[in-house]
Amino acid sequence: MAAEDMKTYDVIIVGGGPAGLSAALYASRSKLSTLVLEKAKPGGQAGTTEWLENYPGFPGGVKGPELMEHFAAQAREFGAEIIKDDVASVDFSGEKKLVCTAGGGQYSASAVILCPGAEPRTLGLPGERELRGKGVSYCATCDGDFFTDLDIVVIGNGDAAVEEAMYLTRFAESVTMIVVHDEGILDATAVIRDRAFKNPKMKWVWNSVVDEIRGDGIVESVIIRNLKTNERTELETNGVFVFVGTVPNTQFLSGAVEMDKRGYIIANEQMETSVDGVYCAGDARVKYLRQVITAAADGAIAAVAAEKYIHEEEGFREMVLAPAFPVMVCFWSPTSQESLDFMPAVERIAEARAGSLNLVKIDIYKNQRIAGRYEISAAPSILFFNKGQVCERVQWPTTEEELTLVADRVISGK
Amino acid sequence: MVQVDKVNFEEEVLQAKGPVLVDFWSTKCEPCMALLPDVEALEAKYGDQIKFCKLNVLENRRLAISQKVLGLPTICIYKDGEKVAELTKDDATAANIEAMIKEQIQ
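Those protein sequence lines, which keep their order, are chains F and W.
All residue numbers for the first sequence refer to the working numbering, where the first residue is 1 and numbers rise by one.
All residue numbers for the second sequence refer to the working numbering, where the first residue is 1 and numbers rise by one.
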């Protein structure tokens, strides 16, 4: 790709949901040039959630779209740029991470934070795909209005399914929940379940699954199968809402970072993925709880970790890799008495050769990534760099005399 | 974009000469709101070859259902009173809509 078409940032954030927008806020506030690539309107799944009752700071609840507009505005306040485009592919093999979009955009950055989120899972039922937008829906706030005074079916029985179903009772004449469990049992939590059982517009079909969605052009009925009796019955309905969990939007990565077998990205507590400088935050990550608040927390952590990474890498490049003369790097640790005791000797050698040999001290505990890259496992360890390459390696135990010989050899270039 | 509703849909869309694009949307549909600027940009590009209309389904639910539109966003193209092409939900992206327009104005 032509270099002049490439726009460069400190951090690129893929996805503008709660995780991405929080990461953008933290990154831009710490003066990193920050780009958010979001294929639709910023806000992600929270942006199409009518009402959030459990985001702290909003007694009485807050509208999802409104909260997400605030997230985006706050990120923009500190200079984050939000571009509407869909990420098509990534290349994380080089020092600069590359991101290409469906709209033809080409961007590079020192660090990338992946916040692609998740999308509603489909069931793959006969008729489901054909009747999407024709009565089959995965978004109550998008399509609920159509069903004013009509009868609808909801598939699923978790918190999201029951909450969305109750939202739909504002419009629909009746909302019939198809539940796989025995009568009275829902995956939804007790507080939500009890509220739903009191709602007169909610109807329940237990021990059952939907086998098929039927209709000519628009939804007309569903075929319900009772799991106990295997009996199949046809139920007339105008709409089918499916809320059966989510799948991560990670296909575009084509394995660029490590994922689990369901496609969720694996990251540690610092949100670091398997690739240096690439972070993951939000629903696409392997995690215990997928909520706006945990996505926002992930985003903040990822941005802080990315900032630290960028500064460490920049510092290492400037001090160690870029100079045209030799650099002696002493890897030390505050917990290694030997490394503390030997440091004055290292400093004496460097001082006597000022102008032809620079000294850089690296704390291996604080800079585990760089230490790991050069396979430094113990302190002290001394590496000599010349023009960005390691040219000599001195392992502990060593002496001031031995190190002096090596230093002079490096300077003389022999 | 021409605002169409249950009163003028027949005249502006079904009776119109040449192809007509209808953007079914509502103020409550966030994906629709996100898509609207893209559709407006396409109007600036293709507006001389295809008529652009938008229909707010909140006020015109029965009309939308009569057109077999029960989900948003949905973008349809009509010719001579018949629906000839349609994109709905995730398929309704700026790139897909542009491709659909190009196909219909050939």
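No lab work stands behind these hints, which were simulated from the structure alone.
Please note that the accuracy of each hint is not assured.
To be verified - Sample of chain F residues facing chain W (criterion: CB under 8 Å; computed from the structure):
#1 Ala40
#2 Gly43
#3 Pro56
#4 Ile218
Beta carbons are placed, not taken as given, at the ideal position from N, Cα and C, and that holds for glycine.
| task | Quick one: which hint numbers does this structure break? Sort them smallest to largest. | result | 3
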